[in-house]
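Participant: Listed below, chain by chain, are the residues.
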Amino acid sequence: MTAHIRDGRKVAYRWIGTVLAIGVYIFLLAPSVIVIPVSFGSQYELSFPPRQYSLDLYRIFFSSDSWMQPLFLSLRVALMTTFISTVIAVPAAYAIVRFSFIGKKLLMALIMSPLVIPSVVFALGVYLYFSYLRLTGTTTGLVIAHTMFVLPYALVIISAGIQKLDPNLEFGAMLMGAGRFRMMMTVVLPQLYPSIGAGALFAFLISFDEVVISWFLAGPTTTTLSVKMFSAIQWEISPVIAAVSTILTAISLVVCLVNVMLQKKTDTPA
Amino acid sequence: MTVIASKGAGPFIAPAAILSLLVALVPVIFIFYNSTAGGTSTEAFTSILESNLFLRAMRTTVEVSLLASLLSVVLGYVVALHLARQSARRRAALMVLVLLPFWTSILVKSYAFTIILGREGIINSFLSWALGAEVVLPLIFNRVGVMVGMTNYLTPLVVFPVLASLLAIDPALYRAAEIMGAKPARIFLTVTLPLSAPGVLAGALSAAVMSLGFFIVPALMGGKQDIMLANLVDFYTREVLDWNVASAVGVILFALVAIFAVPAMLLRGKQQGAR
Numbered sequence: 002m003t004a005h006i007r008d009g010r011k012v013a014y015r016w017i018g019t020v021l022a023i024g025v026y027i028f029l030l031a032p033s034v035i036v037i038p039v040s041f042g043s044q045y046e047l048s049f050p051p052r053q054y055s056l057d058l059y060r061i062f063f064s065s066d067s068w069m070q071p072l073f074l075s076l077r078v079a080l081m082t083t084f085i086s087t088v089i090a091v092p093a094a095y096a097i098v099r100f101s102f103i104g105k106k107l108l109m110a111l112i113m114s115p116l117v118i119p120s121v122v123f124a125l126g127v128y129l130y131f132s133y134l135r136l137t138g139t140t141t142g143l144v145i146a147h148t149m150f151v152l153p154y155a156l157v158i159i160s161a162g163i164q165k166l167d168p169n170l171e172f173g174a175m176l177m178g179a180g181r182f183r184m185m186m187t188v189v190l191p192q193l194y195p196s197i198g199a200g201a202l203f204a205f206l207i208s209f210d211e212v213v214i215s216w217f218l219a220g221p222t223t224t225t226l227s228v229k230m231f232s233a234i235q236w237e238i239s240p241v242i243a244a245v246s247t248i249l250t251a252i253s254l255v256v257c258l259v260n261v262m263l264q265k266k267t268d269t270p271a
Numbered sequence: 079m080t081v082i083a084s085k086g087a088g089p090f091i092a093p094a095a096i097l098s099l100l101v102a103l104v105p106v107i108f109i110f111y112n113s114t115a116g117g118t119s120t121e122a123f124t125s126i127l128e129s130n131l132f133l134r135a136m137r138t139t140v141e142v143s144l145l146a147s148l149l150s151v152v153l154g155y156v157v158a159l160h161l162a163r164q165s166a167r168r169r170a171a172l173m174v175l176v177l178l179p180f181w182t183s184i185l186v187k188s189y190a191f192t193i194i195l196g197r198e199g200i201i202n203s204f205l206s207w208a209l210g211a212e213v214v215l216p217l218i219f220n221r222v223g224v225m226v227g228m229t230n231y232l233t234p235l236v237v238f239p240v241l242a243s244l245l246a247i248d249p250a251l252y253r254a255a256e257i258m259g260a261k262p263a264r265i266f267l268t269v270t271l272p273l274s275a276p277g278v279l280a281g282a283l284s285a286a287v288m289s290l291g292f293f294i295v296p297a298l299m300g301g302k303q304d305i306m307l308a309n310l311v312d313f314y315t316r317e318v319l320d321w322n323v324a325s326a327v328g329v330i331l332f333a334l335v336a337i338f339a340v341p342a343m344l345l346r347g348k349q350q351g352a353r
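Chains as they are written, first to last, in our numbering: chain A, 2 to 271; chain B, 79 to 353.
Where hints are given, some of them may not hold.
[Claimed, not checked] Where chain B lies over chain A, by a calculated footprint (3+ residues, C-beta under 8 Å):
| hint | segment |
| --- | --- |
| 1 | 33 to 39 |
| 2 | 55 to 68 |
| 3 | 124 to 138 |
| 4 | 143 to 153 |
Calculated directly from the structure, the hints in this document are not laboratory data. Bear in mind that the values here come from a model prediction, so they are computed numbers and not experimental data. The C-beta atom is built at its ideal place from N, Cα and C for all residues, glycine as well.
Whenever a hint applies, use it, and build me the whole structure from the sequences.
Facilitator: This is the structure in structure tokens:
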């Protein structure tokens, strides 16, 4: 009898917990999902649900220079950022996991600092510095700043991958006479591809979505998609933004699925 | 951590070290240098401390950040608790519901919220339809909009550390408490809550660190009264073109964030040391 009563209460608590959680899931997901139906609406009105479904907004997006130029710039910046940050992060992650050296903690704090420093502060600093170097408004400037900004994320993901490798294999290769570089290329890298791929994907999305630094560094010819979108939301609220948003959400979904797969293996959130 | 060698790290770490010295350290030095006009004057600081615009932005920043962090800890805890009770497979599937918002661009969210919360947005249209009268609740371009946007952004960040600490609780403790006759509410208050406290603290601190520097959400979902320090940095840089004052606001924002970031980093170090 008593067991019954206690069970009933437990079930009730679980039920309340589930209902509350569903409410929060809806709150979290609503903004990512709502843009999808809106993006298939008409170009003349912004309504939910749309009265008429069409691909108008996508057609406008893909046929107007004022959106395509920023899109291609963003793709270019994100790809270059991904490449450079990965090339820098892989050896750095290896050094951090496998070596101890003087000033390691201090250097780590510095490399990780973009995670903690407000991006507006980082953006202002880079803006002042790049004004001095005449790099504001250039693609190079954007790529350099983004590379620093995404480095900590790439480093964390790749370090986690290296931590799971067996160091004895590396020892073995070096005992057999392989130099560090050869050992890196033939022993470490082949085992590390999944982590490198995930790190690169995250770096790409973070650079592609980044607004604040780009907002400070952008010039008339170097407006990224996120900067264009930021000013578009502020000034015009054009329905085309819904189409852009849906495309961005689709990219996010891909990254999110990779993240889930990664998580299954390690069970630690990114 | 397996350390192979203590020498030879140089070539591996050099590119990252050079990049972070040149592109993370130097910019911060530039801000400090500019805020004091080259170390000679405190004029920028005295002028903002007398400016009502700055004082109001400072108050807004602290108020909004604390409240948004608190709200996101509550919402994040609800989700983490739900996830912790699922089987590993279901948890991985449900994780998508947290990770998709986590990876969604803040611009997409802000834009979506203007559709949801706007004057003729989804909520107001629904209420008008349900009540049969014109309802125009002011839900955006004010404090409410900022809170909704920020809480939405911060909640996933809280879920991760709280979930990690909930999953670390030994299930035997629950069984023991149950066998000894503790009711669910008591088990929650005496076992779950205290043992997940480190995760909650980590989540709350990182939410506070993130929210103090918020720029996009107040710019797109707030009104003129809801300007935060990050927006002020932008305002002084682009509108007023006063780099010294912009840097001084930046330095103050930097210091404010450090108050929360330093304990967060110490906490993380301690947890790693304990493992």
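Participant: Holds or violated: the segment 55 to 68 of chain A covered by chain B, criterion of 3 or more residues with Cβ-Cβ distance under 8 Å?
Facilitator: Since three or more residues must qualify, the claim that chain B covers the segment 55 to 68 of chain A is violated, with 0 doing so at under 8 Å.
Participant: For the segment 143 to 153 of chain A, do at least 3 residues have a Cβ located nearer than 8 Å to some Cβ of chain B?
Facilitator: holds (count 5)
Participant: How does the coverage statement for the segment 124 to 138 of chain A fare against chain B, requiring three or more residues with Cβ below 8 Å from a Cβ of that chain?
Facilitator: Contact hint for the segment 124 to 138 of chain A vs chain B: holds, 7 residues under 8 Å.
Participant: Using a Cβ cutoff of 8 Å, are there at least 3 residues of the segment 33 to 39 of chain A near chain B, or does the coverage claim fail?
Facilitator: holds (count 4)
When each numbered hint is compared with the structure, a violation occurs for hint 2 only.
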